[in-house]
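Kindly produce the complete structure, drawing on both the sequences and the hints.
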Amino acid sequence: MLACAGGAQAAQEFLPPEQAFKASVSVPDAKTVEVSFAIARGYYMYREQFAFTATPETVRLGTPVYPPGIVKYDETFAKDLETYHDQVAIRVPVETPGQPFTLTVRSQGCADKGICYPPMDTSYAIQDGKATLLAEPAISGTTEPPGAAPTASVAGEDETSRIASALASRNLLTIAALFFGLGLLLTFTPCVLPMVPILSSIVVGEHVSRARALWVSLAYVAGMAVVYTAIGVAAGLLGEGLSATLQKPWVIGLFAALMVALALSMFGLYELQLPARWQAALTAASQRQSGGQLLGAAGMGSLSALIVGPCVTAPLAGVLAYIAQTGDAIIGGSALFAMALGMGVPLVLVGVGAGNLLPRAGRWMENTKRFFGFLLLAVAIWMVALVAPAWVGMIAWAAWLLLGATFLGAFDALGEGAGGIHRLGKGLGIIAAVCGVLLLLGLASGGRDPLQPLAHIGVSRAGTPVPHGVVFERVRTVAELEARVAAASREGRSVMLDFYADWCISCKEMERFTFVDPRVQQALSNVVLLQADVTKNNADDKALLKRFELFGPPGILFFGKDGKELPVRVIGFQSADKFVESLTRAGLMPGA
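Per the working numbering, residue 1 is the first one in the sequence shown, and the count goes up by one each step.
Treat the hints with care, since some could be wrong.
[Stated by the list, open to error] Once the Cα atoms are required to be at most 30 Å apart in a straight line, the calculated BS3-like pairs of lysine-lysine come out as: (1) K561 to K546; (2) K508 to K564; (3) K22 to K72; (4) K561 to K508; (5) K564 to K536.
[As the list claims (entries may be wrong)] For each label pair, taking beta carbons as the anchor points, the in silico distance ranges come out as: (6) F513 to E482: 17 to 23 Å; (7) P68 to L424: 52 to 58 Å; (8) E57 to A177: 24 to 30 Å; (9) P518 to R476: 27 to 33 Å.
Since the hints were derived computationally from the structure, they do not count as laboratory data. Every residue, glycine too, gets a C-beta built ideally from N, C-alpha and C.
Below, the structure is given as structure tokens:
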């Protein structure tokens with residue numbers, strides 16, 4: 001009897017889940033549903049276990065916006081989890097307003113004294129701006145711990161949504177500091193590196209003083225940051241990546257031609273100056289040509305932000321998602337501006353360094369200008385190679401290497417008194433010439449990879465073929481994609497969807513360095529691999545991106561065997577090791 005009494009007393013210590021976690025749903029506007037929980041004292045709820053689904057399938061939900069929670073180490077699940085006490089209100093965007101639907105809310109909570117409740121599902125009818133409870137909370141058919149992927153989750157958690165939620169839960173100063181740091185982390189990515197020779201050539205070509213190199217560099221970064229922010233805010237508000245519009249072959253060709261023109265001026269073929277009338281007007285307001293220098297640097301920074309660096313990274317995607325969901329261009333724009341300034345810090349250091357190391361006159365000055373001229377030509381070739389056939393890029397790189405070899409003196413005889421610098425230059429020139437010839441030989445024999453021009457000819461020493469990437473099946477419309485995912489579900493297979501574009505640098509990196517990894521290929525061997533090529537940025541491409549709230553490539557999504565999207569997304573480039581972690585979270589790695 002004592003044992004029974006003890007058990008009854010323990011049961012009375014804990015509230016039923018519907019009393020411990022009282023849910024309510026409101027509809028602030030046609031595009032938003034707010035889900036709130038009043039949490040009893042001594043209880044808490046897990047952020048990671050919230051999931052929201054809508055029926056019918058024609059209703060699409062956006063990424064939920066969560067308030068900040070409290071991170072605690074949970075003994076039950078042996079890991080750090082973000083939790084909520086007392087109350088929590090979650091805003092769920094509705095992307096297809098105007099039609100009634102049923103919202104199913106999944107949640108899970110625990111008591112401080114050690115008991116954890118099973119995940120609970122609650123359904124509400126959303127119609128005419130009202131939410132009506134359809135059924136009392138019921139235990140869902142799963143006992144997954146927090147962090148497991150909800151089987152029917154449409155609005156799950158990923159890195160992009162976590163960043164969007166962070167914007168909604170922190171003050172402006174904290175957001176600016178956070179995104180400034182994220183910008184610094186993007187320093188050595190294709191978003192920033194192509195801008196280094198452009199800014200360096202401006203500093204060298206303008207013959208600016210060492211001190212003035214700082215102002216020219218700051219003007220370049222300011223122009224880049226302002227345009228980067230404006231385009232990002234517009235993309236978030238309009239729901240599409242505007243920079244993709246500028247990735248047309250003819251636009252890239254014009255910018256590449258500008259790089260070639262600047263390079264030729266560095267070789268001394270002509271001088272690039274503002275018209276005399278403009279110079280006179282600017283001189284009246286500042287020192288001679290100083291306004292022209294700063295205006296030109298800012299203009300080139302603006303063009304660079306538009307055309308050279310249209311990278312879609314997880315931080316950028318998170319900001320755009322936040323702007324799209326909330327319409328808050330102030331917070332989102334401030335985050336983008338801070339991130340652009342962070343990206344610009346190394347550019348300022350490079351610009352100032354170019355000014356400090358710049359010789360004042362003579363042969364060294366001319367050689368320095370030629371060096372930066374070659375870097376500008378490399379930027380032009382790199383840009384054209386993104387949209388041109390592979391053989392065009394190989395010919396251009398071969399010509400660049402052979403031309404560089406000529407300037408380095410590879411084909412000139414060394415004089416008797418030649419010093420170490422001349423000998424080093426000739427040696428580097430010979431190496432460049434050999435590489436150029438290898439590119440031409442590879443092209444003539446059918447090779448199309450400038451980094452491995454002869455890889456197609458033979459096999460490795462172990463006798464295994466040279467590794468190739470995974471093979472994708474292209475999908476062109478939303479209907480085609482949905483049909484293919486449904487077919488894969490009937491076959492009991494998972495799906496990986498890759499968003500790709502010819503001008504997407506990170507997409508090329510994924511092809512070259514990630515998809516060739518044997519671990520990745522093994523994990524994807526029984527997965528249906530679909531690819532949405534959004535290079536043309538036409539109506540179908542925009543519809544595919546909008547369907548999944550993406551603002552541009554690269555973006556990789558996963559669908560389970562039930563045909564529903566998993567709460568695991570890859571935004572931006574991931575190395576093979578990092579991508580294996582993503583595949584593990586998606587349950588695609590053997591043993592996952």
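Against the structure, the hints come out as follows:
A C-alpha spacing of about 23 Å is found between K561 and K546, which places the hinted pair at or below 30 Å, so the restraint holds. A C-alpha spacing of about 28 Å is found between K508 and K564, which places the hinted pair at or below 30 Å, so the restraint holds. Using a Cα cut-off of 30 Å, the hinted pair K22 and K72 holds, with the two alpha carbons roughly 22 Å apart. Our distance criterion of 30 Å between C-alpha atoms is met by K561 and K508, whose separation comes to about 28 Å.
At most 30 Å may separate the alpha-carbon atoms for a hinted pair to count; K564 and K536 meet this at roughly 27 Å. Our hint of 17 to 23 Å for F513 and E482 is violated, since their Cβ atoms are close to 31 Å apart. Taking 52 to 58 Å as the suggested C-beta distance range, the pair P68 and L424 conforms, at roughly 57 Å. Range check, E57 to A177: about 41 Å between beta-carbon atoms, so the 24 to 30 Å window is missed.
For the hinted restraint 27 to 33 Å between P518 and R476, the CB-CB distance of approximately 31 Å keeps it satisfied.
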